[in-house]
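A.B. asks: Chains as they are written, first to last, in the working numbering: chain C, 1 to 639; chain P, 1 to 159.
Any given hint could be a false lead.
So the derived label-pair ranges between C-beta atoms look like this [what the hints assert, rightly or not]:
#	chain 1	residue 1	chain 2	residue 2	range
1	C	Asn400	P	Val145	55 to 65 Å
2	C	Gly139	P	Val145	40 to 50 Å
3	C	Glu226	P	Asn87	31 to 41 Å
I should point out that these hints are in silico values taken from the structure, not numbers from a laboratory.
Predicted model only: the values in this text are computed from it and were never measured.
All C-beta atoms, glycine included, are put in the ideal place defined by N, C-alpha and C.
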Amino acid sequence: MPQITGDILHVDLSNNTSWRQPVTKNDLLQLLGGRGIGVRILWDLVKPGVDPLGPENILIFGAGLLSGTAAPSSGRTTVTCLSPATGLYLKTNVGGHWGAELKYAGFGHLVIHDRAEKPVYLWIDDNKVEIRDASRMWGLDVRETDISVKKELGDEDVQIAAIGPAGEKLVRFAAVMFSVYHAAGRGGAGAVMGSKNLKAIAVRGSGGVIIAKPTQFHETVLHAREKLLSESGVEGLSRYGTAGSLNAVNEMRVLPSYNFQRSCVDDAHPLSGQCLVEAGYLKRRVACFGCVIGCHRYSTVEKGVFAGSYTGGPEYESLVALGSGCGVFETEPVIKANELCNIYGMDTISTGSVIQWAMECYEKGALSRQDLDGLGLRWGNGQAVVEMVKKIALREGFGNTLAEGVKRAAEHIGGDTHKWAVEAKGLEHSCVDTRSAKAYALAFAVNPRGADHLHTETLAEFGLSPEARALIKKITGDEKYASPYLTEKRAEIVRWHEDCYAVTDCLGFCAFTSTALYGVTPQIMAALFSSATGYDISEENAMNAGRRVVTLEKCFNVRLGASRKDDTLPWRIMNEPSSDRPDSKAVTSEKELNGMLDEYYSLHGWDKNTSWPTKTTLIRLELNNVAKELEDMNKIGEE
Amino acid sequence: MGSGVIKKIVNVIPEACTGCRQCELICSFEQGGSYSPRLSRIRLVKFEDKCLSVPVTCTYCERPICEEVCPVGAMTHDPVTGAAKVNEESCRGCKECANACPLGAIDMHPEKGTAMRCDLCGGDPACVKYCPAGALKYEPPHHSVKEKRRSRVVALNLD
Numbered sequence: 001m002p003q004i005t006g007d008i009l010h011v012d013l014s015n016n017t018s019w020r021q022p023v024t025k026n027d028l029l030q031l032l033g034g035r036g037i038g039v040r041i042l043w044d045l046v047k048p049g050v051d052p053l054g055p056e057n058i059l060i061f062g063a064g065l066l067s068g069t070a071a072p073s074s075g076r077t078t079v080t081c082l083s084p085a086t087g088l089y090l091k092t093n094v095g096g097h098w099g100a101e102l103k104y105a106g107f108g109h110l111v112i113h114d115r116a117e118k119p120v121y122l123w124i125d126d127n128k129v130e131i132r133d134a135s136r137m138w139g140l141d142v143r144e145t146d147i148s149v150k151k152e153l154g155d156e157d158v159q160i161a162a163i164g165p166a167g168e169k170l171v172r173f174a175a176v177m178f179s180v181y182h183a184a185g186r187g188g189a190g191a192v193m194g195s196k197n198l199k200a201i202a203v204r205g206s207g208g209v210i211i212a213k214p215t216q217f218h219e220t221v222l223h224a225r226e227k228l229l230s231e232s233g234v235e236g237l238s239r240y241g242t243a244g245s246l247n248a249v250n251e252m253r254v255l256p257s258y259n260f261q262r263s264c265v266d267d268a269h270p271l272s273g274q275c276l277v278e279a280g281y282l283k284r285r286v287a288c289f290g291c292v293i294g295c296h297r298y299s300t301v302e303k304g305v306f307a308g309s310y311t312g313g314p315e316y317e318s319l320v321a322l323g324s325g326c327g328v329f330e331t332e333p334v335i336k337a338n339e340l341c342n343i344y345g346m347d348t349i350s351t352g353s354v355i356q357w358a359m360e361c362y363e364k365g366a367l368s369r370q371d372l373d374g375l376g377l378r379w380g381n382g383q384a385v386v387e388m389v390k391k392i393a394l395r396e397g398f399g400n401t402l403a404e405g406v407k408r409a410a411e412h413i414g415g416d417t418h419k420w421a422v423e424a425k426g427l428e429h430s431c432v433d434t435r436s437a438k439a440y441a442l443a444f445a446v447n448p449r450g451a452d453h454l455h456t457e458t459l460a461e462f463g464l465s466p467e468a469r470a471l472i473k474k475i476t477g478d479e480k481y482a483s484p485y486l487t488e489k490r491a492e493i494v495r496w497h498e499d500c501y502a503v504t505d506c507l508g509f510c511a512f513t514s515t516a517l518y519g520v521t522p523q524i525m526a527a528l529f530s531s532a533t534g535y536d537i538s539e540e541n542a543m544n545a546g547r548r549v550v551t552l553e554k555c556f557n558v559r560l561g562a563s564r565k566d567d568t569l570p571w572r573i574m575n576e577p578s579s580d581r582p583d584s585k586a587v588t589s590e591k592e593l594n595g596m597l598d599e600y601y602s603l604h605g606w607d608k609n610t611s612w613p614t615k616t617t618l619i620r621l622e623l624n625n626v627a628k629e630l631e632d633m634n635k636i637g638e639e
Numbered sequence: 001m002g003s004g005v006i007k008k009i010v011n012v013i014p015e016a017c018t019g020c021r022q023c024e025l026i027c028s029f030e031q032g033g034s035y036s037p038r039l040s041r042i043r044l045v046k047f048e049d050k051c052l053s054v055p056v057t058c059t060y061c062e063r064p065i066c067e068e069v070c071p072v073g074a075m076t077h078d079p080v081t082g083a084a085k086v087n088e089e090s091c092r093g094c095k096e097c098a099n100a101c102p103l104g105a106i107d108m109h110p111e112k113g114t115a116m117r118c119d120l121c122g123g124d125p126a127c128v129k130y131c132p133a134g135a136l137k138y139e140p141p142h143h144s145v146k147e148k149r150r151s152r153v154v155a156l157n158l159d
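With the rest of the complex left out, here is chain C (with noise of 0.2 Å):
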């Protein structure tokens, strides 16, 4: 195998076992890498019945392919596994520095297997692998548990990827952390991690990455990184990072605040990305391995009830899901209550949005004051949101409640309450507003994971940048249809999506390098495959690897039982329009929503009913194994 690939590395945390596996050619040239290779694990392993916090589940994490090499913003890792928050098929896709670190320790993927009895932590020293106690880190913040791993290992440049209280009190969306402030944090890896016991991995690898054609990797990488440079949107989200959009989603009509309810204020920009600059909230900014853009903060509050608070962020998603979701639309909090769900280790994405459903409840009366532990949990008070995110990261009085996410919560308490839980297959949704952004809206409700733009990103539908309204000429044949109002031709920008995306993530590579900036294209990552690996791909068989991948992803789902009904939005989004809205038909409704799944399904070649894969599709891909499994179940679609 290519060097560049490395080794799964297999630990069975029952029996404190560990073995090398490398990963095959065809794998390799099948599934890319990173979250390809990733799924096609999961898929071998987890079969219908595992219990997402049960031992049976494995937790993987799979490096980028080219982490650890100098290509642009490639750094990333894919975390996979069964979802305690959707009983689904779950990747989390993680910035920080740890994947490169796995990778010059010689290893691509790492799989943990079972439990163990007591919180142990796992170090990994090159090819020396230990399982150690991590008793008395037990119940640390993720900040002190990396502080308390590195003393305990003597060196200050190990990387480390760990849970805080959230992920031991099996939150269903605690993260797995990152170089302290990048959350692998949907979906629940963290309570998975959790529930092994598990409280980190530390990792040194002294190593490097070798590269089968140096020089013509390295002149790619060069020319990939001039022109990703050069592209209107970098300076804007190197300067004001994720949030620097905020102040222009709000101007679009798109920018969901108090729960949903409305998707445009009178004045957002206490959370933008310019206030954070200009109010001296932002200390730095910050990069993940190799990134030549810079878009992550860090950010600091100095005065006020919050002075004190230091924190990696705030992000886009944070500060809509903290701040406008809840109605809260200054600055310091959200910092709060991000520093607060970074070191307990839970999404913050969820995090606001089981807030702002128990916010609601709250105002409409569906939950009294008392219900809330005292809580005074009116839309704006940013103290009682900080408040709730100890409670539930601890699980303590309502906040139990609310730790097993929206939907779960809705059930408890009944009553119209799920019509405000804006959620899908159990997934909070994440912060756009998916009834005026219909690419988006579809995207969402495929998403194998559940309602979030984390597995096809359609911002080109916005047609913001001459780069973006080229893509959509490419993919659609006309500019025109750069336009998040309409539903034609969604399918066809879905799948374009999805296939790039899944590339872009087996790559290691940030979805901003190739679908909300464009410089990092699929012909770039086919080149950049076949020098690294020395296997020679084109842009259209990596684009079919990308199809293989989400194709995969479809069918581990179908085989625990998923089918159309499952491909759904939030009942708000799809019935009621933001009170903001002039024109009363921005719903995203069902009749909207099953044109385009019609489209999309067939494109594929999904039967349409079930939406089951069929076995034409699936022969087509290369998946032999895979229709034959789905066949022997009765589970392959109808031609």
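Please build the complex by placing chain P on the supplied structure of chain C, with the hints as guidance.
C.D. replies: Just chain P now, kept in the frame of chain C:
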């Protein structure tokens, strides 16, 4: 022999560094043909809880202590360009230079065991060229001092 002929060095502007490690990656590639921070002649010191990273590299001392302490004369400078050299043939890997360097700018090659230090890429340092944050500058040593002098006076807000 000192490094008096050196006109420019790699100056670090720590507050601009985003910690992306492109400098380490590019340097290791230029020096050894693979991507490996461990082989880089410029290294980041990171404090992750504060998201703080500071690059450290050779500052080209006027009286290089690494050369003074080397018992075999393996640490030299090019007499014309002033660029630092490590004679890998004669270097025994005794680590005296690494121990003596007050900056920690010299490390030992993990496989060869020989000393590694910055040679300024022959006058066009790749780390500077490819730093996306503008945290590295290739300039006469006194430039950073001049800028510091100026920025301190500016901060006084005199009118």
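A.B. asks: Each of the hints needs a verdict: does it hold here or not?
C.D. replies: Going through the hints against the structure:
| no. | hint | verdict |
| --- | --- | --- |
| 1 | Asn400(C) - Val145(P): 55 to 65 Å | holds, 59 Å |
| 2 | Gly139(C) - Val145(P): 40 to 50 Å | holds, 49 Å |
| 3 | Glu226(C) - Asn87(P): 31 to 41 Å | holds, 36 Å |
The structure fails none of the hints (numbered hints given earlier).
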